[in-house]
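Participant: Chains as they are written, first to last, in this note's numbering: chain A, 7 to 665; chain B, 7 to 665.
It is possible that some hints are incorrect.
Repeated chains share a single entry, so a pair holds when one copy, or any two copies, can fit it.
[Unchecked claim] Within a straight-line C-alpha distance of at most 30 Å, the following computed DSS-like cross-link-like pairs (lysine-lysine) qualify: (1) 247 - 328; (2) 483 - 607; (3) 77 - 394; (4) 328 - 596; (5) 421 - 305; (6) 258 - 393; (7) 171 - 607; (8) 574 - 420; (9) 86 - 501; (10) 382 - 571; (11) 97 - 571; (12) 571 - 394; (13) 553 - 181; (14) 483 - 328; (15) 171 - 36; (16) 125 - 420.
None of these hints come from the bench; they were simulated from the model.
Protein chains: 2
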Amino acid sequence: TTSNTGIVLTTGYRLSFVCSVLRSAPPCSKFFSVKHTADVQYSINPPRSEADHLSPIPLNDDTVLLFSMKKASEEENDNKLSVRYYGTDKKMLGTAVLHLTAVEISLDVDADRDGIVEKNNPNKGCWKWGPDGHGAIILVNCDSERRWRKLDHEQDFIDRESDLKDMTTMVLRTKGPAKLPEGYKLTMHISQGDAESIRFEILQQTKQADQDSLRSKYPLILQSACLSAEVLYRRGFAENKFYVEGIRFPDKDFDGLVTINLSLLEPIGPGIPETPIFTDKVVLRIAPWIMTPNTLTPKEVFVCSTTDNYTFLKEIRSFVAKSGHNLKICHEYMNRGDRWMQDEVEFGYIDSPHQRFPVVLDSPRDRGLVDFPYEKLLGPDFGYVTKKAQKEDVNSLDSFGNLEVSPPVTVNGKKYPLGRIIIGVAFPTAAQGRNMTQVIQDFLWAQKVQEPIALFSDWLCIGHVDEFMTFVPAPDKNGFRLLLASPDAGYKLFKSLSKQGHGNATLFDGVETETPRPVDDILNDEELQDHNNYVQSCIDWNRDVLKRELGLDEGDIIDLPILFKLVKEDEEVRALAYYPDVVNMLVLGKNLGIPKPFGPKVNGRCAIEAEVCSLLEPLGLSCTFIDNFASYHQLLGEVHCGSNVRREPFDFKWWNMEM
Amino acid sequence: TTSNTGIVLTTGYRLSFVCSVLRSAPPCSKFFSVKHTADVQYSINPPRSEADHLSPIPLNDDTVLLFSMKKASEEENDNKLSVRYYGTDKKMLGTAVLHLTAVEISLDVDADRDGIVEKNNPNKGCWKWGPDGHGAIILVNCDSERRWRKLDHEQDFIDRESDLKDMTTMVLRTKGPAKLPEGYKLTMHISQGDAESIRFEILQQTKQADQDSLRSKYPLILQSACLSAEVLYRRGFAENKFYVEGIRFPDKDFDGLVTINLSLLEPIGPGIPETPIFTDKVVLRIAPWIMTPNTLTPKEVFVCSTTDNYTFLKEIRSFVAKSGHNLKICHEYMNRGDRWMQDEVEFGYIDSPHQRFPVVLDSPRDRGLVDFPYEKLLGPDFGYVTKKAQKEDVNSLDSFGNLEVSPPVTVNGKKYPLGRIIIGVAFPTAAQGRNMTQVIQDFLWAQKVQEPIALFSDWLCIGHVDEFMTFVPAPDKNGFRLLLASPDAGYKLFKSLSKQGHGNATLFDGVETETPRPVDDILNDEELQDHNNYVQSCIDWNRDVLKRELGLDEGDIIDLPILFKLVKEDEEVRALAYYPDVVNMLVLGKNLGIPKPFGPKVNGRCAIEAEVCSLLEPLGLSCTFIDNFASYHQLLGEVHCGSNVRREPFDFKWWNMEM
C-alpha cells in the first residue's frame, strides 16, 4: 500500500503546522519508521528515546507523529516525508509518502509602535496598554486631503497619495516557491462588526497603463460590503502593502479594537469547499480623540468678528499678539452673528506612531457657527468629527463651554497623564434637569484615556462649567491651579472695601449701560446674599467632586471673587454672573485674558482686578483685563465663551497609559 | 458682629463634613480663636502647634478651619462652635457662632458578599472582582412567583412577599435627632441609564389598615419614570429597607454595573433650589447568566414525547433511571411534534450571596417547542430570559445544540473556573455563511464570566457544534476529555475490519429503512473518502482552536470513529453524519447515552460500539447505546439534540473570578 499526498506546510513564523500521519496507518500496523529530506523535522508523541528512532518504532493507539519544515521551499514539493508501517513480525505493510511544500506567511503591522512594520511580532495578535504594551494603532481617517470635499473616510477611494500617511500600513510577507500549489489560496477577512469601523486598500504593484489612477493603484479590498477577499501570493519577502483606515471612533457600542485575519485555504476536491489550514491575525486599536488642557502650548487662537464687537476684538488682538500667538478671526459671513466660538467646537487631536493631527469635535449645538468647523477647519491633516443628536435633545449644556479637560493628575496613585475630561450635567436629584446629550457623553466616555468627570452645572442659566472654573499653569505642586468662582471671596472683598471706607465706591463704574451700584448697597442686599449662598453651595459641591476626582487639596485651588444673581426662567431659578465673570478667562501660557470686571475703584484701580492679580501674579501669571461687557457679558458670556484655542498635543503617548 | 448659623453636619461614616469658616471672617481680622462644645472637633490648615490653639491664632489668607463632630446629635442644634475674630491689636472684631446638628447617614448593601448587609463598608462605592473583591450583587428578577404570570421584573409591583428573596436588600441607616432640621431632606436617585437595568421598592413600615396590600406595603420608589425620590429620615439606626431588583442582564450596551445615590439636601431660602451637602453611593453588579458543562451533576433530564419516538423514549427512560436521575417528559400538546429539546432552550443559573436559581435561556429558534420554556419551566425560583431577534436573522445556527460550554480550564495561566462558552459560526472566509444571530452572541459575550469561543460549524447542514464535539468527565488531567468526531478514526476502524477479514460485514445492519452496506464497499467509495477528508479538515481546524483556547494537548482529546457525507442544498455543500453520530451523546455523570451506530458486526458485536467502549471505558465511563435511528438520526439529529439536562450550579462563585 503506497499512498502519495502532496501537502502544503506553513513553517517558521507562528504556526509550525503539525499532522498526525499515523491516523492513516494500515490496519494491524505495529511498528513504523520515518525517512525524510533534509529540511523536514519531526517528533513522536509520546516521546521516544533518540535510539528508538533508528529501528522500527512501536505504534500504539496514542502515537502521534508531528512534523514541520525548517525553511521555506524553493520549489513545489521539494521535500518529502515517508512513513513505513510494519506488522507484528516487522513485515512491511505499506508506505505513506508525503510530498511537502513549505511556505512562510506572516501578516505584519507595527505591533511594537515604533513606526516601522516589523516582521512577525509574536504579540501582534493581541493588544496591550502601557509602556511594555503591544498591538498596532489605526487613525480614523477623518481629515480631508482636499478642502471642500468629504472626509477621507467617507469616500471609499484614495483621493491623493498623501492620504496614505493617515493610514496604518499592513504588510503580507511570504516566502516559498514561485506560486502556491494548484488550488491553494490566501484570503484576508474581517468580521461584520469590525467592518463598521475599518476598511482597507491594497497597493497593486502591477505596472498598468492606468497606474496614475489611484482607484486602480490602491483598490479597496475589504469593507462592510465585502468581508473577505483573496489576496495574491507573491514569491519572496515581497512587500505586499495594505493600507488600513479607521472609519469611526470608539463609542458606546465599540471598544476600539479590530482584528484582521489572513487564511491559507486548501482545496479538497471538486465541488467541496476549501478549508483553512493556517490563519494569522493582527489586532489593532482605533486611536481615541484627545482633548488639550490649558497647560499645553497654544498654536492658534480663534475668535469671531461681529458687527458689535470691535472693542473686544481690538483688545483680544493686542492680548494674543503680546502673548506671541497666532489669532484667527472667523468673519461674519461664516459666523452669522454667532460669537460663541468656545461653544461650537472643541479642539483635540489623534495620535499614532506613524501620524498625528488635530481633530475638531463639532458640537450638536449648531447655531450660526454651524458650518465653520467643516468649512474652515477640516482640511489636509486637520480632522473633523461630530455626533448626531436628536434636535429636541440638544440644549445649552451641549455647548462646549461645558466641555473642558484638566491638566495631568494622579488620584490615589492612579495616573491620568492626559488629564480628565470635565463636563457639566444636572444634579440627579433634579426631576427635570438639563444634561449634555447622551450621544456626546457616550463618545467622551468611550475614548477612555481622559476618563470624564461629571460636574453639576445645571444651576447656571447657561449651564457651562467654564462659568465657574478654569485651570491655569503654575510653577509648583501639580503644575497648575484650579480657579473657582467664589461668592464668599466676593463678599469678603466687598466687606473689606466697606470696612476700609470705600463703601461708596461703585460696581459697574464706567459701564454706560448699567447704573453704578455702591459697595454698601450690595452688602445690604439680603436677597443677593441669599442667592450667593446658594451659588456658593453649588460651587462647593463641585469643589468637593473636583478635589476627589482630580486628587487636589485646598492648596491647589484659588477662589476668585465673583458674585452671581439668580433669575427665574421657565419656572426654574438659575444663576448668572452679576458682573463680568473673571474665571471665564482665556489662558495662553502664562498670559491670562480676563473679562474686565468693572469693579469698585480704590485709588483709581479696580479692586476686583487688584485682588485677582494678587492671587495669580505670585504664580508668575500675567493678567490682562479685556472689556467684554457690552458685546459678551450682557449676552450672558465672557472672554472664554467667545474664544477658542488649538493647542500642541501632549508629549505623552496615549498607548503608554496603564489601564 | 455676631452671625448665627444653624448647620447640619454629617459625621462618622464616609464623609466628615468640613467647612472653612474663615471665609466669612470680618475684614481686617488678623487673629482668631475657637470655642466649641464637647462633641465638636476641629483642625486648622496649615497646621499649628498645639500651644498655638490657646491664644488668638494668626489668621492668613490661606488659613482654613476644618471641623467635624464625634457623634450624632440627640437634639437639633445641640452643639456649638464659635470663632472670635481679632484685629492687629488683638481687639475683638466679632464672633461667628455655628449651632450644629450632627447626623450619621449611611446607605448600605452587602458589599462584602457574605449575605449580610454590613454597616458602611468603605468599599461599597466601587466594585471589584476576585476573592479579595467587593461590591454588592443584584439578580435579574426573571423568575415568576406565580406560574402563568408575567416575569416578576415585568411587573412593577411585588406579587408575593417571597419575591423579596430574589431582590438585593439595601438599608438606609441614620442616627441623629428625632427629625432633620426644617427644610433638610434625604433623596435617593439613579441615572436614566441605570434605571433601564434596575428598579427598587421600599418597605413602608407604617401600620396601615391596608398592610395586606403588597403594593402599599412595598411601594415602587425608583424606576425609569422616576429617577429621584425623597426618602424619610427615621431616627436611630432604623432599618429602612429597600429591595433592589435587576430588570435586564448585562448586554452589549450594558456592562452590568449600576450606582444608587443618596443625598442630603440643604435649603437655602424661599424660591431657591436646595443643594446637596452630602452624598453616599453604592455600586452593584447584575449577576451574569451562567451555563453548566457536562461535568456538573444532572438535576433533571428533559425529552419530548412524539407520536413516533416510543422506542427512543423507552430506552432513554431506562438509561436515565439507571443513571439515577429524574426524567421530565414534554408531551405532544406542548411540543407540537418538535422533538429537538436541546435546541429550544439552554439551562443556566444566576447566583448571588443571597439567592440563586436556575434560568432558562430561550432560543429565538421558536419552532414547536416555542411555548415550553415560558409555560413549563418559568415559575417560582426558576427564571427565564430570551433575546428577540429579527425573524430573517434566525437560522439553524441559533438552535442551542450550537451552544455548549466547556468544563473549567486554565489557558496559559489564565483561569476559567466556570469554563468557556462554545458556539458555532461561519468561517469568515465564507462570503455568505450562516452565523448565530448577533443579539444572542452579544448577550453571551456580555456575561463575561465564561468568555465564549467561536468554532466553525457552518460546514454542517444543521450547523451545530454538538454534531462534532462533546465533553465527558475523566478522573485525571483536567477532569475531562474532549471527544471529537473523526472520519480518520472511522476509516482506520473500517480498514482494520477489512484487513481482519470482515470486509463483508455491513453498516446499517438491523436498520429497516436502510440498505446494509459492506465495509469494503464503503472503503472503495472514493467520493465518500473525499467528503470525509474535507470533514476531517474542518474538524481539525476546530481541534486547533479548541486546543489553543482551552489550553488542551492531544492527550486531552479522544477521536471517535464517525463518517460523514456531503449533501448539496441551496447551492451549498454541507455535511451530515453518515451513520448515527456517536459524539452527539447525553452525558449524565459517568453514564453516557450514545446514539446506537448500527455499525458492522464482528462476532455479533457492533465494531463501532466496541471501539467507542474501548476508548471511553478506561476513563470509568459507562456506555449505553440508544436506538435513535428512525426517530432522530433520519431527521438529522441524535440523542443529544433530542434531550436537555438541567445541572447543579458550580460551587465556585462567579464574583470570585479574577478578571
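Participant: All hints are to be evaluated individually against the structure, with a verdict given for each.
Facilitator: Right, here's what the structure says about each hint:
no. : hint      : in the structure
1   : 247 - 328 : neither (49 Å within a copy, 63 Å between copies)
2   : 483 - 607 : neither (34 Å within a copy, 87 Å between copies)
3   : 77 - 394  : neither (54 Å within a copy, 52 Å between copies)
4   : 328 - 596 : within (11 Å within a copy, 85 Å between copies)
5   : 421 - 305 : within (26 Å within a copy, 50 Å between copies)
6   : 258 - 393 : both (12 Å within a copy, 20 Å between copies)
7   : 171 - 607 : neither (58 Å within a copy, 69 Å between copies)
8   : 574 - 420 : neither (42 Å within a copy, 59 Å between copies)
9   : 86 - 501  : between (98 Å within a copy, 25 Å between copies)
10  : 382 - 571 : neither (38 Å within a copy, 64 Å between copies)
11  : 97 - 571  : neither (105 Å within a copy, 35 Å between copies)
12  : 571 - 394 : neither (34 Å within a copy, 52 Å between copies)
13  : 553 - 181 : between (59 Å within a copy, 27 Å between copies)
14  : 483 - 328 : within (27 Å within a copy, 76 Å between copies)
15  : 171 - 36  : neither (62 Å within a copy, 64 Å between copies)
16  : 125 - 420 : between (35 Å within a copy, 27 Å between copies)
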